[in-house]
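> Residue numbers (the numbering used here), protein chains in the order written: chain G, 881 to 968; chain D, 881 to 968; chain F, 881 to 968; chain A, 881 to 968.
Simulated from the structure, these hints should not be mistaken for lab results.
Note that the coordinates shown come from a computational prediction; the quantities given were computed from them, not determined experimentally.
You may find that some hints are simply not true.
Since copy identity is lost for identical chains, a pair holds within one copy or between any two.
Said to hold, decoys possible - Derived DSS-like pairs (lysine-lysine); straight-line CA-CA distance at most 27 Å:
| id | residue 1 | residue 2 |
| --- | --- | --- |
| 1 | Lys-885 | Lys-910 |
| 2 | Lys-890 | Lys-928 |
| 3 | Lys-928 | Lys-904 |
| 4 | Lys-910 | Lys-924 |
| 5 | Lys-904 | Lys-924 |
| 6 | Lys-924 | Lys-890 |
The chain contents come next:
Number of protein chains: 4
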Amino acid sequence: MHADKQDVLKRLNYIEGHLGGIRKMIEEDKYCVDILRQTYAVRKAIEKLEGLLVEGHLHTCVPEGIAEGREDQIIQELVQLYNLAGNR
Amino acid sequence: MHADKQDVLKRLNYIEGHLGGIRKMIEEDKYCVDILRQTYAVRKAIEKLEGLLVEGHLHTCVPEGIAEGREDQIIQELVQLYNLAGNR
Amino acid sequence: MHADKQDVLKRLNYIEGHLGGIRKMIEEDKYCVDILRQTYAVRKAIEKLEGLLVEGHLHTCVPEGIAEGREDQIIQELVQLYNLAGNR
Amino acid sequence: MHADKQDVLKRLNYIEGHLGGIRKMIEEDKYCVDILRQTYAVRKAIEKLEGLLVEGHLHTCVPEGIAEGREDQIIQELVQLYNLAGNR
């Protein structure tokens, strides 16, 4: 993992805390729309986290892997990540 | 909240457990691509959960709200949910 | 169709013109990244157009359909639109 | 452009034809939901086209660019493409 580890863990804490709040809202039968506003915020936070991980990967593992002659593997992984990112 | 509460809570448990696994992978400096495969799975699980909440909302709160004469509020909330869902 | 028709057609013109530009770039073997920047712009323009159509639908057909007693159809269509919008 | 040119142009033809059909539906004031079903199909077709372009880029320009010592440019473009793809 090559993104800033402390930043990534801090964002993960935030997401886990947010999900705990959503659990409470569901248990207390809060209004669907208010719960959905929170799940969309969590989804956005996960997408932001993914962006950081991808950027770290592109700046570190990709050039390293290519320098080590693992270009085929690196390219195939990038194709797969692109497809996963778009849920295709 | 009008989706099946037990189903929603079960899905939330799964998401929280999955995030715990991702935290462990980050702390142990696993390979970025393997972490990203997991975050995409979590994102997909949250989108599935949102789909259930939206469906419950459309089948319950929307007709109820309209029957109670709160049509304007209901429509405005749906516009907002649609925009949030697409992160627009 | 209940969104502002002239606005919708103007946006459609823009999208079609943009696609013509992309066709030219492909025929002239331009750099992939430059082509992709254009296709992302087109995708964004289509998402914006969809947002207008959805908003028009929610403000017009939805209340009308419910007033006419076609609530079940209206709700089912909204569930379907939500799922299509997220490509789920 | 390094994806299969004939395939890419065929897909572009399909998208342009589809948009022509949508224009006709709008001019004839068809039902919003039927128009939206078509715009979602167009969006999906564009995403598929983008996937082909990205794959072509990853398999061709990326290894070429790196072999030619333009690694920094290549990586920065990939970061930018990833962010554009997610409309972030």
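> Just pull the numbers of the violated hints for me, sorted ascending.
Of the numbered hints, all hold.
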